[in-house]
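Peer 1: In case you want the letters, here they are:
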Amino acid sequence: MARLIRTEKEVEGRFEEVWLVVEEDALQQWPAGAREVVGQPATRVDGLERARGEAVYTADLKLPGMLHTAVLRCPYAHARVARIDLTPALARPGVHGAIGPRDIPQLEEECGYQGTAVAAVAADTFEQARAAVAAIEIEWEQLEPVLDPDEAIARKQLVGEPRERSRGDLEAGLAEADIVVEGEYRTQVVLQSSLETHQSVVQWVGDTIEVYTSTQNIWGVREEVSAALEIPGDKVRVVCHYMGGGFGSKNDADDFTFIAIELAKRTARPVRCALTRREENIASGNRNATIQRLTIGAKADGTLTALGGEYVNATGWGGWSTPVEGPMQQLYSCPNVKTTTWGAKINQPPMKPFRAPGFVEGTFGLESLIDVLAGKLDMDPLELRRKNYAGNDPSDDRPYSGKNLMECYRRAEPHWERRHDVRARSTDTVKRGVGMASQVWYGGGGPPSYAWIRVGSDGHATVVTAMQDIGTGSKTAMAQIAAEELGIPLDHVTVTIGDSARGPYASLSAGSSTIPSMGPAVRAAAADAKRQIIEIAAQRFDLEERVLDITVGNVVSADGNLTVPLTEVLGLLESAQILGKGARGPNPTGMTVLTFGVQVAEVAVDVETGEVWVDRIAAIHDVGRVINPLGAESQIEGGIIQGIGHTLSEHRLHDPRTGQILTTGLDAYKLPTIADVPEIVSELIDQPDEHLTNLGSKGLGEPPIIPTAAAIANAIRDATGAEVHELPISREEMLRALKEAKERGRIGAPKEREGHRAPAGV
Amino acid sequence: MPEVNVNGHAYAVHGAVGTTLAEALRDELSLTGTKVACGEGHCGACTVLVDGIPTLSCITLVHAVDGAKVTTIEGLRDHPMVYSFVRADALQCGFCTPGQIISAVALVDSKAAPSTEEIRHAMAGNLCRCGAYPKIEEAIRTWQD
Ligand code: FES
Ligand code: FES
Chain A
1169 MARLIRTEKE
1179 VEGRFEEVWL
1189 VVEEDALQQW
1199 PAGAREVVGQ
1209 PATRVDGLER
1219 ARGEAVYTAD
1229 LKLPGMLHTA
1239 VLRCPYAHAR
1249 VARIDLTPAL
1259 ARPGVHGAIG
1269 PRDIPQLEEE
1279 CGYQGTAVAA
1289 VAADTFEQAR
1299 AAVAAIEIEW
1309 EQLEPVLDPD
1319 EAIARKQLVG
1329 EPRERSRGDL
1339 EAGLAEADIV
1349 VEGEYRTQVV
1359 LQSSLETHQS
1369 VVQWVGDTIE
1379 VYTSTQNIWG
1389 VREEVSAALE
1399 IPGDKVRVVC
1409 HYMGGGFGSK
1419 NDADDFTFIA
1429 IELAKRTARP
1439 VRCALTRREE
1449 NIASGNRNAT
1459 IQRLTIGAKA
1469 DGTLTALGGE
1479 YVNATGWGGW
1489 STPVEGPMQQ
1499 LYSCPNVKTT
1509 TWGAKINQPP
1519 MKPFRAPGFV
1529 EGTFGLESLI
1539 DVLAGKLDMD
1549 PLELRRKNYA
1559 GNDPSDDRPY
1569 SGKNLMECYR
1579 RAEPHWERRH
1589 DVRARSTDTV
1599 KRGVGMASQV
1609 WYGGGGPPSY
1619 AWIRVGSDGH
1629 ATVVTAMQDI
1639 GTGSKTAMAQ
1649 IAAEELGIPL
1659 DHVTVTIGDS
1669 ARGPYASLSA
1679 GSSTIPSMGP
1689 AVRAAAADAK
1699 RQIIEIAAQR
1709 FDLEERVLDI
1719 TVGNVVSADG
1729 NLTVPLTEVL
1739 GLLESAQILG
1749 KGARGPNPTG
1759 MTVLTFGVQV
1769 AEVAVDVETG
1779 EVWVDRIAAI
1789 HDVGRVINPL
1799 GAESQIEGGI
1809 IQGIGHTLSE
1819 HRLHDPRTGQ
1829 ILTTGLDAYK
1839 LPTIADVPEI
1849 VSELIDQPDE
1859 HLTNLGSKGL
1869 GEPPIIPTAA
1879 AIANAIRDAT
1889 GAEVHELPIS
1899 REEMLRALKE
1909 AKERGRIGAP
1919 KEREGHRAPA
1929 GV
Chain B
583 MPEVNVNGHA
593 YAVHGAVGTT
603 LAEALRDELS
613 LTGTKVACGE
623 GHCGACTVLV
633 DGIPTLSCIT
643 LVHAVDGAKV
653 TTIEGLRDHP
663 MVYSFVRADA
673 LQCGFCTPGQ
683 IISAVALVDS
693 KAAPSTEEIR
703 HAMAGNLCRC
713 GAYPKIEEAI
723 RTWQD
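If you read the protein sequences in the order shown, they are chains A and B. Residues 1169 to 1930 (the numbering used here) are what the first sequence spells out, left to right. Residues 583 to 727 (the numbering used here) are what the second sequence spells out, left to right.
Hints are supplied without guarantee of correctness; some may be wrong.
[Stated by the list, open to error] Straight-line Cα separation of at most 20 angstroms, SDA-like style, residue types lysine to any residue; simulated pairs:
| id | chain 1 | residue 1 | chain 2 | residue 2 |
| --- | --- | --- | --- | --- |
| 1 | A | K1230 | B | E610 |
| 2 | A | K1838 | B | H624 |
| 3 | A | K1544 | A | R1554 |
| 4 | A | K1907 | A | G1889 |
| 5 | A | K1177 | A | G1388 |
| 6 | A | K1838 | B | A706 |
| 7 | A | K1838 | B | H703 |
| 8 | A | K1838 | B | A704 |
| 9 | A | K1230 | B | G621 |
| 10 | A | K1230 | B | S612 |
| 11 | A | K1433 | A | I1399 |
| 12 | A | K1230 | B | E656 |
| 13 | A | K1838 | B | G621 |
[As the list claims (entries may be wrong)] Simulated restraints, written as ranges between beta carbons of each label pair:
| id | chain 1 | residue 1 | chain 2 | residue 2 | range |
| --- | --- | --- | --- | --- | --- |
| 14 | A | E1312 | B | E700 | 50 to 56 angstroms |
| 15 | B | R723 | A | R1248 | 53 to 59 angstroms |
| 16 | A | L1231 | B | E700 | 40 to 46 angstroms |
| 17 | B | I635 | A | P1261 | 32 to 38 angstroms |
[Said to hold, decoys possible] From the structure, some residues in chain B lie toward chain A, with a derived Cβ separation under 8 angstroms:
| id | residue |
| --- | --- |
| 18 | T616 |
| 19 | K617 |
| 20 | E622 |
| 21 | D671 |
| 22 | L673 |
| 23 | C678 |
| 24 | A706 |
| 25 | C712 |
| 26 | E719 |
It should be emphasised that the hints constitute simulated quantities derived from the structure, not laboratory data. All C-beta atoms in this analysis are idealised placements derived from N, C-alpha and C, irrespective of residue type, glycine included.
This is chain A alone, in the form it adopts within the complex (with noise of 0.2 angstroms):
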């Protein structure tokens, strides 16, 4: 039955109170462990064709006399266009069409950041849109740019407003502390740079708009469209069936979508619109920089008593200011927390999501500051993070639906206990050591999302839902469940995705969602399916449903003495299907939803040159069910190497003095390659949440990057003594803190920071 509830949606760690239309979830979870199908390793649903080139993504489409575009895009990090003529862009050969400022609102005169997309040309070719583009006439105004993120909070230049959490008494919590610890900390820009750039293909077909998009947001790609075009929501066809990554940064129809749409208008062809790498370096957003003021108190037995924090969040000129507290707010048990973050709007591209925005860089600081604590106390960092272990939800004194990390800090004990021969390897020049840090975030997904499932006679089945698979192989583990469900070789599922007009409301692919709330659907559809196939049977063989079950593909009863192929009963429907459906249940009220994890890193430092290596990272999380083991642990190996990146080499940089972006391309973003990856062993607690849906399975795409970068720093600590505050650690990072760290000796307290603040309140 449909039910009407008012609840709390998050995605990203924003939360949204709504109303919901959901529908009950009245089936048992499985008792855990690996099953038949679900639980056991499963390679790719369409391994096969992604491998062979098959596929076709976005950047493939090529529909008849589909035009191509370029787009004017401002180079400065602050100015006004002054005077703008297309006439020549139009004279140009191929050209068919051109718009400009105020033509659509995402083209704009005024620039906030460099990369704005100003001018757009349709042509023939790519590269006959290239040029009639260079041929626009364009007179600038540049202005001054505002790059300095504390200045643009002076100034109350803020993307949103400012975000202040408070429990219990940050003052005096410190008060009663024995031992007070500060640092300030600060991230880097980095770039989500999926392989197929930001892209759409549009056409109009009738009063349809059809919609080809490379997107983690189907159902969000059409509520834009529709509510810009004012036409109701069927007359937009999203679709995307293979999708070159995302990590966040495509959940929205962007500027190139509504750039094709209007071209296509006017044209009346089919229009590509694709980033370029360079624009997509620029223009397509990022994981903003952060500056984190943090200050922790704490009892000699290492009780923590007051956790304070100054955030800001260098958001860019537009976006959000991501929950970069969340961390602090949830990861420990502390009755004193404040926290306040501030996003500050500044002359540069605007954020967007990038694999738990906020989460892996507050947990850079707040766990690095941790393992400060754990030298000044003489404890062991794992000891005490047990010790400030939180059983409720220490935001709101909620109970956890399900959480395991005092179970991950269990087997994190052998990989953390390696840390003595590890160090023992350590060289006059090379020092080597170990360094953990905890992981929390959400991922509990939500309603509404909805699966079909039609079954035919020849006992296969396939699933009908409008949903993506962004790479996490989200199509592999719905197969999983259907099969699982239907008692069913996996090989007799087929999954059909991708296509607004081709399947029901789906979630969307952005807080590792798609499994949490795409695969309960999916599962209630099944049984839809199943409880008609044993009605069916049970009239067929005069038996009581409630002695019928399916089970490798035959229907059998209780007393084992009916055993028929599936096939014998579904058989009977000739050409006819079953048809079944199911939602997403709500989730648990009054409970916190969240996924925990832990990581161990060993690292090797140069302290001569600064280099630094990863040797083997340890991580184990605690996600509920896991549906496919072998999908799960490509996703923690992917999320880590990101994080290593993000740890070593990755740097979006900008001229200080103009806010120009210097690395455009990939020679000069420094995305890891296969020879920067260490030994990544990886471990799942795989206990499902009982009090989550019918899996009890949360999400995996984003935790893994959340605890590396911290785990990295503190093995870099561990092995030198140095205290990196920065990320990326670049050699002039690592060089700096080594000869901090020489100047205070590596006993004693280390000096406090030049230009440090303490944080709000204090």
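Got chain A; can you put chain B with the ligands on it based on the hints?
Peer 2: Same frame as chain A, now just chain B with the ligands:
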């Protein structure tokens, strides 16, 4: 008009001077298995074999490979390396994968059982943002299984 043999078929390519091999393959011959992720030689997504040598097709002019034998992922659809990548889960989004497989095939053509060091050396020019690297290494180690 350059003539190129692609996957065993001879083609006369019409593209203007300045057309890259990637453009000729993707736009003119509709062989879109070869991906372009940067267009300037920095990522390896566009790797194809030119006379057996792994080559970045986005920075190779089609007129420069006149008379050459080009192998793209479409020409390797039943190569054991393709199955090995699927078996090892050596792909996530799959956008880098055709280029990875081409580089991997070139490597094992020159040495059937390369060492980890050799794999890392040969594959370092193929970026994978999803971070499928450990599984790519495994796929190359186990391709003959
Ligand atoms: S597309 Fe050719 S190297 Fe990147
Ligand atoms: S699998 Fe996505 S870039 Fe390699």
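Peer 1: It remains to establish, for every hint, whether it holds in the given structure.
Peer 2: Cross-check of the supplied hints:
1. Straight-line distance between C-alpha atoms of A/K1230 and B/E610 comes to about 11 angstroms, which keeps the hinted pair within the 20 angstroms bound.
2. Between A/K1838 and B/H624 the CA atoms are separated by roughly 10 angstroms; this keeps the pair inside 20 angstroms, and the hint holds.
3. For the hint pairing A/K1544 with A/R1554, the CA-to-CA distance comes to about 17 angstroms; that is within 20 angstroms, so the pair holds.
4. At roughly 10 angstroms between alpha-carbon atoms, A/K1907 and A/G1889 fall within 20 angstroms of each other, so this suggested pair holds.
5. With a C-alpha separation of about 15 angstroms, the suggested pair A/K1177 and A/G1388 falls inside the 20 angstroms cut-off, and the hint holds.
6. A hinted pair counts as satisfied when its Cα atoms are at most 20 angstroms apart, and A/K1838 with B/A706 qualifies at roughly 12 angstroms.
7. Distance check on the hinted pair: A/K1838 and B/H703 sit about 17 angstroms apart at the alpha-carbon level, within 20 angstroms; holds.
8. The hinted pair formed by A/K1838 and B/A704 meets the criterion: a straight-line CA distance of about 18 angstroms does not exceed 20 angstroms.
9. Taken as a hint, the A/K1230 and B/G621 pair is honoured in the structure, with Cα atoms around 18 angstroms apart against an allowance of 20 angstroms.
10. Between A/K1230 and B/S612 the alpha-carbon distance is near 9 angstroms, which keeps this suggested pair within the 20 angstroms criterion.
11. As the CA atoms of A/K1433 and A/I1399 are separated by approximately 14 angstroms, the hinted pair is consistent with the 20 angstroms bound.
12. A threshold of 20 angstroms between alpha carbons decides the hint, and for A/K1230 with B/E656 the separation of about 18 angstroms falls inside it, so the pair holds.
13. With a C-alpha separation of about 16 angstroms, the suggested pair A/K1838 and B/G621 falls inside the 20 angstroms cut-off, and the hint holds.
14. For A/E1312 and B/E700, the hinted distance range of 50 to 56 angstroms is satisfied, since their beta carbons lie about 53 angstroms from each other.
15. The hinted window of 53 to 59 angstroms between B/R723 and A/R1248 holds, with their beta carbons roughly 57 angstroms apart.
16. In this structure the hint that A/L1231 and B/E700 lie 40 to 46 angstroms apart at CB holds, the actual value being about 43 angstroms.
17. Separation of B/I635 from A/P1261 is about 36 angstroms and conforms to the stated range, judged on CB atoms against 32 to 38 angstroms.
18. Given hint, B/T616 at the interface with chain A, holds; its Cβ is 7 angstroms from that chain's nearest Cβ, closer than 8 angstroms.
19. For the restraint placing B/K617 at the interface with chain A, the shortest Cβ-Cβ distance is roughly 7 angstroms, inside the 8 angstroms limit, so the hint holds.
20. The beta carbon of B/E622 is positioned within 8 angstroms of a beta carbon in chain A (closest approach about 6 angstroms), and the interface hint is therefore held.
21. Nearest Cβ of chain A to the Cβ of B/D671: about 5 angstroms, under the 8 angstroms cut. The hint holds.
22. With a cut of 8 angstroms, the hint placing B/L673 at the interface with chain A holds, because the nearest CB-to-CB distance is about 6 angstroms.
23. With 8 angstroms as the threshold, the beta carbon of B/C678 comes within range of chain A, its nearest partner Cβ sitting at about 5 angstroms, so the hint holds.
24. Here the hint on B/A706 is kept, as its CB sits about 5 angstroms from the closest CB of chain A, short of 8 angstroms.
25. The beta carbon of B/C712 comes within 5 angstroms of a beta carbon in chain A, closer than 8 angstroms, and the hint placing it at the interface holds.
26. Because the beta carbon of B/E719 sits about 7 angstroms from the nearest beta carbon in chain A, less than 8 angstroms, this interface hint is met.
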